[in-house]
Amino acid sequence: MRKSAPIRILLADDHEIFRDGFQVMLKKQDYIKLIGEAANGRELVEMVGMLQPDVVITDIKMPELDGVEATRIIANKYPAIQVIGLTMFDDDNLIIDMLEAGAKGYLLKSAHKKEIIEAIQTVYNKEVYYCKSTSANLMRLIAQSRYNPYKHEPKPVFTDKELEVMRMICQQASNKEIAAHLSLSIRTIEGYRDRIQERIKAKNMVGIVVYAIREGIYKV
Amino acid sequence: MAKILAEITTLENERARVANDLHDELGPLLSAIKFKLSSIETHLPEDELVMQQTSEHIVDIISRMREISNDLMPNTLIRKGLVYAIDEFIGKLGNGQIHGETVHGLTISFSHVDVPELPKNMAINIYRIIQEIVHNTIKHAKASLLRINVLMKDKKLVLQTEDNGSGFDYGDASKTSAGFGLRNLVSRTEIMGGDLFIESKKGKGTVYTIEIPV
Ligand SMILES: Nc1ncnc2c1ncn2[C@@H]1O[C@H](COP(=O)(O)OP(=O)(O)O)[C@@H](O)[C@H]1O
Ligand SMILES: [Mg+2]
Chain B
1 MRKSAPIRIL LADDHEIFRD GFQVMLKKQD YIKLIGEAAN GRELVEMVGM LQPDVVITDI
61 KMPELDGVEA TRIIANKYPA IQVIGLTMFD DDNLIIDMLE AGAKGYLLKS AHKKEIIEAI
121 QTVYNKEVYY CKSTSANLMR LIAQSRYNPY KHEPKPVFTD KELEVMRMIC QQASNKEIAA
181 HLSLSIRTIE GYRDRIQERI KAKNMVGIVV YAIREGIYKV
Chain W
221 MAKILAEITT LENERARVAN DLHDELGPLL SAIKFKLSSI ETHLPEDELV MQQTSEHIVD
281 IISRMREISN DLMPNTLIRK GLVYAIDEFI GKLGNGQIHG ETVHGLTISF SHVDVPELPK
341 NMAINIYRII QEIVHNTIKH AKASLLRINV LMKDKKLVLQ TEDNGSGFDY GDASKTSAGF
401 GLRNLVSRTE IMGGDLFIES KKGKGTVYTI EIPV
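Chains as they are written, first to last, in the numbering used here: chain B, 1 to 220; chain W, 221 to 434.
These aren't lab readings, by the way, just hints derived from the structure by calculation.
Warning: the hint list may mix true and false statements.
For lysine-lysine, the following BS3-like pairs were computed, each having C-alpha atoms within a straight-line distance of at most 27 Å [stated by the list, open to error]:
id: 1; chain 1: B; residue 1: Lys27; chain 2: B; residue 2: Lys155
id: 2; chain 1: B; residue 1: Lys27; chain 2: W; residue 2: Lys256
id: 3; chain 1: W; residue 1: Lys256; chain 2: B; residue 2: Lys203
id: 4; chain 1: B; residue 1: Lys113; chain 2: W; residue 2: Lys300
id: 5; chain 1: B; residue 1: Lys61; chain 2: W; residue 2: Lys373
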């Protein structure tokens, strides 16, 4: 789709081996270009100033300046540059800190290539990205945190059926279960899901859950 | 006393070191392997399958390592302090559910005042005490409710927990060989120079009150 200029990304992580693995993974993707690597947050901030990437992907725990502080600086100084936090494990509170500092998404370092690419394209398009393998606990924490990407959007209005589907998604119900409960076909439920995701700009069910909790559609 | 202190300190230092090695060294190495694998282009469907499975195995190792590392020493405890760590611990118990606080029919509530920043050793000790109390409640109490309350009173941090379960006879329980968890509560309280009160009666639930000078 993006035949013209590739998305230019900058990676920060204190492990050279990790950076190397990341670079190898993306080498064959011609619509994403890794334009630089930083070994800590301080280097990252400097390189962002010089290279002006489209997207920054940064580890959270790093020496000198950690990912949270670096993100805060970048988000303030260069609001057009989108930041994705990368974390080894789902250290829930670190991820919350990253989002509150201005990151537009986060990924586990165990994420699949496809998901990493999806995340890069999503934040590049100014939308938020939550990692697919987000724990239920973290979804709740995000929904209850100060981080709120939905503030400025006009709020979509949902039908009762859509609200019910959202609530059931929050209860981790499968499409099959939701279909049985509402006496509709699985196909229809899939359609509902797609439409809901589309309207709240969620990329996966994590986004739906976070939205539903934050908007009080689903009470925890 | 000095001996217990030394033992607990050594234990916690070791735990922190191993947790750190898993999290900060082996983790990134494993994901580097996964990333590199994903760059290989396969031409046969069976190779593609092997590649996919191998990649899933790596994900499994990483998530298992995460659990081990977190059990050994929660990152949140070190980085964000006691209150966040307790919150996360309780939330994770009910994994798979958004209502994270209900575990096997036990609802856990946690309330706290603003807790001043505590020395790391103290935060770890209190965290371990709460862990043991929660685990005991899940394992033995058959309770439906556990309240955990942290408050400050006259320069003392007061941890109070209350369950509505079966209760037990402390005298009997601490004599048996099973009583390692209870002894741990006592020693950890002692090395912080605190006091531990257990009120428990068969059929009447259990209340722990632990007061620690801060
Ligand atoms: N909250 C509780 N409610 C009921 N019984 C308890 C509770 N906590 C501890 N006990 C009793 O005290 C005993 C000793 O506990 P503990 O020292 O932690 O050892 P363990 O948990 O390994 O059995 C338990 O076996 C149980 O019988
Ligand atoms: Mg025990």
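Hints, one by one, checked against the model:
1. With a C-alpha separation of about 40 Å, the suggested pair Lys27 of chain B and Lys155 of chain B falls outside the 27 Å cut-off, and the hint is violated.
2. A C-alpha spacing of about 10 Å is found between Lys27 of chain B and Lys256 of chain W, which places the hinted pair at or below 27 Å, so the restraint holds.
3. A C-alpha spacing of about 25 Å is found between Lys256 of chain W and Lys203 of chain B, which places the hinted pair at or below 27 Å, so the restraint holds.
4. Distance check on the hinted pair: Lys113 of chain B and Lys300 of chain W sit about 31 Å apart at the alpha-carbon level, beyond 27 Å; violated.
5. Only pairs whose Cα atoms come within 27 Å are accepted, and Lys61 of chain B paired with Lys373 of chain W is rejected, the gap being roughly 35 Å.
Checked against the numbered hints above, the structure violates hints 1, 4, 5; every other hint is satisfied.
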